[in-house]
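Work the whole structure out from these sequences, hints included.
4 protein chains.
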Amino acid sequence: MIIVMKPHTSEAQIAEVVARVESLGYRTHLSRGEERTIIGVIGDDRPIDRGQFEAIEDVEKTIPILKPFKLASRDMHPADTLVSLNGKPVGGQEVVIIAGPCSVESRSQILEAAQAVKEAGATALRGGAFKPRTSPYSFQGMGEAGLELLAEAREATGLAVVTEAMAPEQVPLVAKYADVIQIGARNMQNYNLLNAAGESGVKVLLKRGMMSTIEELLMSAEYILAKGNSQIMLCERGIRTFEKYTRNTTDINAVPVLKQMTHLPVILDPSHGTGKWEYVGPVAKAGVAAGADGLIIEVHPDPSQALSDGAQSLKPEKFAQLVKEIRRVAEAVGRK
Amino acid sequence: MIIVMKPHTSEAQIAEVVARVESLGYRTHLSRGEERTIIGVIGDDRPIDRGQFEAIEDVEKTIPILKPFKLASRDMHPADTLVSLNGKPVGGQEVVIIAGPCSVESRSQILEAAQAVKEAGATALRGGAFKPRTSPYSFQGMGEAGLELLAEAREATGLAVVTEAMAPEQVPLVAKYADVIQIGARNMQNYNLLNAAGESGVKVLLKRGMMSTIEELLMSAEYILAKGNSQIMLCERGIRTFEKYTRNTTDINAVPVLKQMTHLPVILDPSHGTGKWEYVGPVAKAGVAAGADGLIIEVHPDPSQALSDGAQSLKPEKFAQLVKEIRRVAEAVGRK
Amino acid sequence: MIIVMKPHTSEAQIAEVVARVESLGYRTHLSRGEERTIIGVIGDDRPIDRGQFEAIEDVEKTIPILKPFKLASRDMHPADTLVSLNGKPVGGQEVVIIAGPCSVESRSQILEAAQAVKEAGATALRGGAFKPRTSPYSFQGMGEAGLELLAEAREATGLAVVTEAMAPEQVPLVAKYADVIQIGARNMQNYNLLNAAGESGVKVLLKRGMMSTIEELLMSAEYILAKGNSQIMLCERGIRTFEKYTRNTTDINAVPVLKQMTHLPVILDPSHGTGKWEYVGPVAKAGVAAGADGLIIEVHPDPSQALSDGAQSLKPEKFAQLVKEIRRVAEAVGRK
Amino acid sequence: MIIVMKPHTSEAQIAEVVARVESLGYRTHLSRGEERTIIGVIGDDRPIDRGQFEAIEDVEKTIPILKPFKLASRDMHPADTLVSLNGKPVGGQEVVIIAGPCSVESRSQILEAAQAVKEAGATALRGGAFKPRTSPYSFQGMGEAGLELLAEAREATGLAVVTEAMAPEQVPLVAKYADVIQIGARNMQNYNLLNAAGESGVKVLLKRGMMSTIEELLMSAEYILAKGNSQIMLCERGIRTFEKYTRNTTDINAVPVLKQMTHLPVILDPSHGTGKWEYVGPVAKAGVAAGADGLIIEVHPDPSQALSDGAQSLKPEKFAQLVKEIRRVAEAVGRK
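Chains as they are written, first to last, in my numbering: chain A, 4 to 339; chain B, 4 to 339; chain C, 4 to 339; chain D, 4 to 339.
A couple of the hints might just be wrong.
Computed footprint of chain C on chain B, listed as stretches where at least three residues anywhere in the stretch have a Cβ under 8 Å from a Cβ of chain C [claimed, not checked]:
no. : segment
1   : 5-19
2   : 30-42
3   : 235-245
4   : 250-258
Cross-link-like lysine-lysine pairs, in silico, DSS-like; alpha carbons within 30 Å at most [said to hold, decoys possible]:
no. : chain 1 : residue 1 : chain 2 : residue 2
5   : B       : Lys70     : B       : Lys230
6   : C       : Lys321    : C       : Lys9
7   : A       : Lys321    : A       : Lys247
8   : B       : Lys339    : D       : Lys70
9   : B       : Lys327    : B       : Lys121
10  : A       : Lys73     : B       : Lys247
11  : B       : Lys91     : A       : Lys247
12  : C       : Lys247    : A       : Lys73
13  : D       : Lys73     : C       : Lys64
14  : C       : Lys91     : C       : Lys327
15  : B       : Lys318    : A       : Lys247
16  : C       : Lys247    : C       : Lys318
17  : D       : Lys73     : A       : Lys64
18  : D       : Lys64     : C       : Lys318
19  : D       : Lys318    : B       : Lys70
20  : A       : Lys70     : D       : Lys9
21  : D       : Lys230    : D       : Lys70
22  : C       : Lys70     : A       : Lys321
23  : A       : Lys121    : A       : Lys327
24  : B       : Lys321    : B       : Lys91
25  : A       : Lys318    : A       : Lys339
26  : A       : Lys64     : B       : Lys70
27  : A       : Lys9      : B       : Lys321
28  : D       : Lys64     : C       : Lys321
29  : A       : Lys91     : A       : Lys230
30  : B       : Lys327    : A       : Lys247
31  : D       : Lys9      : A       : Lys73
32  : A       : Lys64     : D       : Lys9
33  : B       : Lys247    : D       : Lys73
34  : D       : Lys121    : D       : Lys327
35  : D       : Lys339    : D       : Lys327
Hints listed in this document are in silico derivations from the structure and should not be mistaken for laboratory results.
Positions of the beta carbon are idealized from the N, C-alpha and C atoms, including for glycine.
Written out as C-alpha cells, the structure is:
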C-alpha cells in the first residue's frame with residue numbers, strides 16, 4: 004500500500020509514520036511530490052489493517068497496491084483450475100449447463116424437471132432444498148426430504164446435483180446427497196459457512212452477492228481456498244442497481260474480468276441476472292459470447308405453479324430450444 | 004396485489020388468471036382501463052409468490068399493494084416497542100448511546116474503552132469477539148475469550164454489553180455473556196441466524212445490510228418477531244452506493260421512514276455510516292436530529308493500534324466531547 | 004394509475020379523492036381490499052402529476068400502471084423502426100459497427116483511424132469535436148475544426164459520421180457536417196438539446212445516461228419523437244454501480260428489454276461499458292449475442308497518445324480481429 | 004498519480020513508461036516492491052489523461068494522488084467563501100433558508116407562497132420558470148412570464164430569488180430577473196451551461212447530480228471558478244440508490260465531507276432528498292445538525308394542486324412550524 008500524507012505535514016510526523024510501518028516489519032520508500040508526500044510500504048502488507056494508518060491525523064488516505072487475494076489470483080496460479088462435473092471439466096473447452104427448478108417442490112416435479120433438462124443437454128441438476136427467502140411467510144424448502152429427491156433424480160438421470168447449504172451445520176448433510184454445494188448470494192460473506200465448505204473438500208458453486216464487488220467475491224473464494232479446497236466455481240448472478248425493469252442487473256463485464264484475474268471457472272446465471280423468463284435466452288447467449296465456462300438456468304415443468312422464482316423459470320420446451328441456440332454461440336466463440 | 008394484463012389479452016385468458024387466483028382462496032376485482040385490464044386480489048396475499056403470475060405469458064407484471072411485513076408494522080401495532088437497556092427504555096424519551104471498540108483485542112484495551120465510554124455517558128458497551136472480515140488474512144476476533152473480557156468489563160462498569168453472533172450455533176454462547184446479540188450487516192439475511200436469535204428470546208440489535216432495502220430490513224425483523232421475540236433494535240449503518248469519498252452512505256432518510264413504518268426502536272451507526280472518524284460527529288448529531296432513538300459509535304483507546312476499523316474510531320476524549328454536543332441536539336428536538 | 008389509501012381512511016375522504024380525480028376528467032374504479040382501499044384511474048393519465056395525490060394525507064402512495072412513454076412504445080408502433088446509415092438499415096438483419104476515436108485530435112489521427120475502421124468493416128466513423136469532460140483542465144475538443152476533419156474523413160472513406168452536440172445552439176452546426184448527431188450520456192436529460200435534435204430532423208444516436216433508468220432513456224427518446232423525428236438509435240453504454248474494477252457496468256439486460264419495449268434500434272457501446280480495452284471484445288460479442296442491432300467501439304491509431312479514453316480504445320489491428328469474431332457471433336444468432 | 008506496472012514487467016518496459024512520463028515534462032520516482040513496481044509522477048499532473056498510460060499493456064492501473072480540483076479546494080483556499088443572499092452571508096454563522104414552490108404556476112400561487120415563506124423566516128424564494136421534466140407530457144414551466152412573477156414576488160416581499168436556467172442561452176435572461184441562478188441536478192455536467200454561469204458572474208446554486216460523486220460536484224464547481232466566478236453555493240439534494248421507499252437517498256455524509264474539502268457554502272435540499280413531505284422535517288433538522296450552511300425547502304400553498312413535486316411540498320403552516328424547530332437545532336450546534 005501507499006500512505007498519502009496531508010499537505011504541510013512536518014518531517015517529524017512523517018518520520019513517525021515511517022517508524023510505525025517499520026515496527027510492523029515492513030520497509031518503506033518515501034516519495035515527495037510538489038503537493039503531497041507519499042510513503043510506500045514494501046512487502047506483502049495484506050495482513051495490515053489500513054485503518055490503523057487512516058486513524059492518524061496527518062494521514063490523508065491509504066491506497067492498496069496489491070490485490071488482497073492471493074490463492075484465487077492468476078498472478079500466483081496462472082493455469083486454469085478445472086472442476087469436474089459428471090466427468091466434464093468445467094473451465095475447459097466445453098460450456099456446461101446446470102439447470103432445474105429454483106426449489107424442490109415434490110417428487111414428480113423434480114423428476115420431471117431432471118428428465119427434461121437431461122434430454123435438452125444439461126450436465127447438472129439444480130434445485131434448492133433449503134431456501135433463503137426474504138419473507139418468513141414464503142415457502143422455505145423441503146429440507147432433507149428435498150435432498151433425498153435430488154439424489155433420486157440423480158439416480159434416474161445421471162445428472163450431477165447442485166444444491167444450497169445455508170448454514171455451517173448443513174454442510175455435511177448437503178454433502179451427503181449433492182455433488183456440488185451452492186453458497187447463495189445472501190451467504191457470500193457468511194464466513195462460518197465459507198470455512199465449513201472449505202473444510203468439507205466438496206465442490207462449491209459460490210454465487211456473487213447481489214451487492215458485492217468482484218473483489219469481495221474473490222476474497223470469499225480465498226476463504227475456501229485457504230482451507231485447502233480449490234474446487235470452486237464462481238457464479239455471476241446479477242447485482243443490485245437503480246434499474247427497475249429487471250430484478251437484477253447482470254454484470255456481463257464480470258465474466259472477462261474474472262477470467263483475467265482468477266484461475267477459477269466462471270458460471271453465469273441469467274435467470275437471477277434478469278428475473279424474467281423472456282430475457283433469460285438473450286442473456287444466456289451473451290454470457291457464452293463473453294467467455295463464461297457455464298450457465299445455470301432455472302427450468303420448471305410449470306412455472307405458473309412454482310413455489311418460488313416462477314417469473315424467471317423457463318418451460319422445458321423453451322429451455323430445449325435455448326440449449327440449441329447456446330450451442331451455436333459457443334461454437335462461434337471456439338467453445339463446445 | 005394487482006395483476007396487470009398485457010394489452011389485447013382475450014377475455015378467456017383473463018378468466019383463466021381470475022380462476023387461478025380464486026383457486027388459491029382469494030377473491031378478485033376486475034378493472035378495465037383504456038389500455039390495460041388489471042385484476043385486484045382481495046385478501047392477505049402475502050404468502051403468494053407473485054412470480055407464479057408473472058410466469059403467465061399474458062401477464063405484464065404484478066404489483067404488491069400490502070407491505071410484506073405484518074408484525075413489524077405500525078398498522079398492526081401502533082404503539083412504540085421499548086427495549087430496555089440497563090434499565091433505560093430504548094425507543095422512549097431518552098437517546099441512548101452504545102459505544103466501544105470494533106473488536107475486543109485485549110483485557111486492557113476493552114477495560115480501558117469501557118471505562119472511557121462509561122464516563123462519557125454511554126449506556127452500553129460494544130465490542131466484537133466474533134468478527135466477520137472480508138479477508139481471511141485479517142484478525143478474526145478473540146472468540147469466547149473475548150466474550151469473557153466483555154463480561155468482565157460489564158462487571159467493572161455496569162454497562163450493558165452488545166456483541167455479535169455470526170452463526171446459529173454461536174447464539175447460546177453469546178447469550179450467555181451478552182445483554183444484546185448483534186446481527187451484523189453481512190448476516191441480515193442469514194435466516195438460520197435470525198431464527199436462532201428469535202428463538203433465544205434475547206434482545207437483538209439487527210443491523211441493516213449494506214445492500215438491503217428498508218423493506219428487507221423489516222422482513223428480517225419479521226423473522227425474529229415470528230419466533231415470538233419482539234425485543235429488537237433496528238440499526239441503520241450506511242448503505243453501499245457509487246460515492247467513493249466515504250466508506251458507506253448513511254441513509255439518514257431511513258430514520259424517519261422506519262419511525263413511521265415500524266414500532267421498533269431505531270439506532271444509527273455513524274461510524275460505519277461514514278467510515279472516517281472526522282465525519283462521525285456531524286452524522287451522529289444528524290441522526291439524533293432526524294429522530295433516532297440511539298447511536299452506536301466506535302471508540303478505541305488508540306485507533307492507530309486498532310486491529311480493525313481504526314479509521315472510523317474516535318479517541319476517548321473526542322467521544323466525550325461529542326456526547327456533550329449530542330445532548331444539546333437531543334434537547335433541541337425534545338429528547339433527553 | 005392506482006391510488007392506494009391509508010388504512011382506516013373514512014368514506015368521506017375516499018369520496019374527496021375520487022371527486023378530485025373526476026374533476027381532472029378521468030373516471031375512477033374503487034376496489035376495497037381487506038387492509039387497503041384502492042382507487043383506479045381510468046383513462047390516459049400520463050399528463051397527471053402523481054405527486055398531487057401523494058400530497059393528500061390519506062393517500063399512502065400512487066402506482067403508475069401505464070408506461071409513461073407512448074411514441075417510443077411497441078404497444079403503439081409494433082414494427083421495427085429502421086434508421087438508415089450509409090444505406091444500411093440499422094434495426095434490420097445486419098449488425099452495424101460504428102468505430103473511431105473518442106476525440107478528433109488531428110488531421111492525420113482521424114484520417115488514419117477512419118481508414119483503419121473502414122478496412123476492418125465499420126459502417127460509420129465516430130469521433131468527438133465537442134467533448135464533455137469532467138475536468139476543465141482536460142482537452143475539450145477541436146470544435147468546428149474537428150467537424151471539418153470528420154467531413155474530410157467521410158469524403159476519403161465513404162463512412163457515415165457520428166459526432167456529438169453538447170448544446171442546442173450546436174445542433175445546426177453539427178448537422179451541417181455529420182450524418183448522425185450523438186447526444187451523450189451526460190446530456191440524456193438535457194431537454195433543450197433533445198428538443199433541438201428533435202426539431203432538426205437529423206438522425207440521432209441517444210446514449211443512456213450513466214445514472215438513468217431504461218424508462219428515462221425511453222422518455223428522452225419520447226421528447227425527440229414528440230417533435231416528429233423518429234430516426235433515433237438508442238445506445239446502452241454502461242451504468243454507474245458500486246463495482247470498481249470496471250469504469251461502468253454494461254447493462255446487458257437492457258438490450259432484450261429495449262428490443263421488447265420499443266421499436267427503435269439498439270446499439271451497445273462496450274468501450275464505455277467496460278472502460279478497459281481488454282474487456283471490449285468479450286462484451287462486444289455479448290452485445291451481439293443478446294440481440295443488439297449495432298456496436299459503437301472506440302479505436303485509436305495509438306491509444307497511448309490519445310487525448311481522451313486511451314484506456315478503453317482498441318488498436319486498429321485488434322479491432323480488425325474483433326470484427327471477424329463479431330461476425331461469427333452475429334451469424335450464430337441469425338444476423339449478418 | 005502513480006503508475007502500477009504488471010508483475011514480471013521488464014526493465015526496458017519500465018524505462019519506456021518513465022521516458023513517456025518525462026517527455027510530458029514531469030519527473031518520476033521509482034519504487035520497487037516485492038510484487039509490483041510503481042512509478043510516481045512528480046508535479047501537477049491534473050492535465051494528463053491517465054488513460055494514456057492505462058492503454059499501455061504492461062501497465063496494470065494508474066491511481067491519482069492529487070484531488071483533481073484546485074480552485075474549489077481548501078488546500079489552496081483555506082478560508083470559507085461567503086455568498087451574500089439578501090445581505091446575509093451564506094457560509095457564515097447563520098443558517099439560511101430558501102423556500103418556495105417547485106414551479107411558478109400563477110401570480111396568486113407565487114405571491115401567496117412568497118408571503119408565507121417570508122413570514123415563516125425564509126431569506127430567499129425558490130420557484131422554477133424553466134422546468135426540466137422527465138416527460139414531454141408534463142408541465143414545462145411558465146418561461147419568462149414566470150420570471151416576471153418571481154421579480155414581482157421579490158418586490159412584494161424583499162426575498163432574494165433563486166431560479167433555474169436550463170441552457171446557456173437562458174443565463175442572461177434568468178440573470179436579469181433572479182439573484183441566484185440554479186443549475187439543476189440533471190445539468191450538473193452540462194458544461195456549456197457551467198461555462199455560461201461562470202462567465203455571467205451571477206451567484207450560482209449548483210445542485211449535485213443524482214448519481215454524481217462529491218468529486219464530480221466539485222469538478223463542476225471548478226468549471227465555474229475557472230471562469231472567475233466564486234459566488235457558488237453547493238447543494239446536496241439526494242442521490243439515486245437501490246432504496247425504493249424514498250425518491251432519493253439524502254447523502255448526509257456529503258455535508259461534513261464538503262465542509263472539509265471545500266471553502267464553498269453547503270446547502271441541503273431535504274425535499275428532493277426524501278421526495279415525501281412527511282420526511283422533510285426530520286431530514287432538514289439533520290442537515291443543520293450535520294453542519295449545512297442552509298436549506299432549500301419546497302413549500303406550496305396547496306400541494307394537492309401543485310403542477311410538480313406536490314408529494315414533497317410542505318403546506319405553509321407545516322413549514323412555519325418547521326422553521327421554529329430548525330432554529331432550535333441550529334442553536335444547539337452553535338449556529339443561528
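Now for the hints, and whether the structure bears them out:
| no. | hint | in the structure |
| --- | --- | --- |
| 1 | 5-19 | holds (count 3) |
| 2 | 30-42 | holds (count 8) |
| 3 | 235-245 | holds (count 3) |
| 4 | 250-258 | violated (count 0) |
| 5 | B:Lys70 <-> B:Lys230 | 20 Å, holds |
| 6 | C:Lys321 <-> C:Lys9 | 60 Å, violated |
| 7 | A:Lys321 <-> A:Lys247 | 25 Å, holds |
| 8 | B:Lys339 <-> D:Lys70 | 41 Å, violated |
| 9 | B:Lys327 <-> B:Lys121 | 13 Å, holds |
| 10 | A:Lys73 <-> B:Lys247 | 25 Å, holds |
| 11 | B:Lys91 <-> A:Lys247 | 42 Å, violated |
| 12 | C:Lys247 <-> A:Lys73 | 19 Å, holds |
| 13 | D:Lys73 <-> C:Lys64 | 45 Å, violated |
| 14 | C:Lys91 <-> C:Lys327 | 19 Å, holds |
| 15 | B:Lys318 <-> A:Lys247 | 43 Å, violated |
| 16 | C:Lys247 <-> C:Lys318 | 24 Å, holds |
| 17 | D:Lys73 <-> A:Lys64 | 18 Å, holds |
| 18 | D:Lys64 <-> C:Lys318 | 18 Å, holds |
| 19 | D:Lys318 <-> B:Lys70 | 28 Å, holds |
| 20 | A:Lys70 <-> D:Lys9 | 12 Å, holds |
| 21 | D:Lys230 <-> D:Lys70 | 20 Å, holds |
| 22 | C:Lys70 <-> A:Lys321 | 28 Å, holds |
| 23 | A:Lys121 <-> A:Lys327 | 13 Å, holds |
| 24 | B:Lys321 <-> B:Lys91 | 24 Å, holds |
| 25 | A:Lys318 <-> A:Lys339 | 24 Å, holds |
| 26 | A:Lys64 <-> B:Lys70 | 43 Å, violated |
| 27 | A:Lys9 <-> B:Lys321 | 21 Å, holds |
| 28 | D:Lys64 <-> C:Lys321 | 20 Å, holds |
| 29 | A:Lys91 <-> A:Lys230 | 25 Å, holds |
| 30 | B:Lys327 <-> A:Lys247 | 44 Å, violated |
| 31 | D:Lys9 <-> A:Lys73 | 15 Å, holds |
| 32 | A:Lys64 <-> D:Lys9 | 23 Å, holds |
| 33 | B:Lys247 <-> D:Lys73 | 19 Å, holds |
| 34 | D:Lys121 <-> D:Lys327 | 13 Å, holds |
| 35 | D:Lys339 <-> D:Lys327 | 12 Å, holds |
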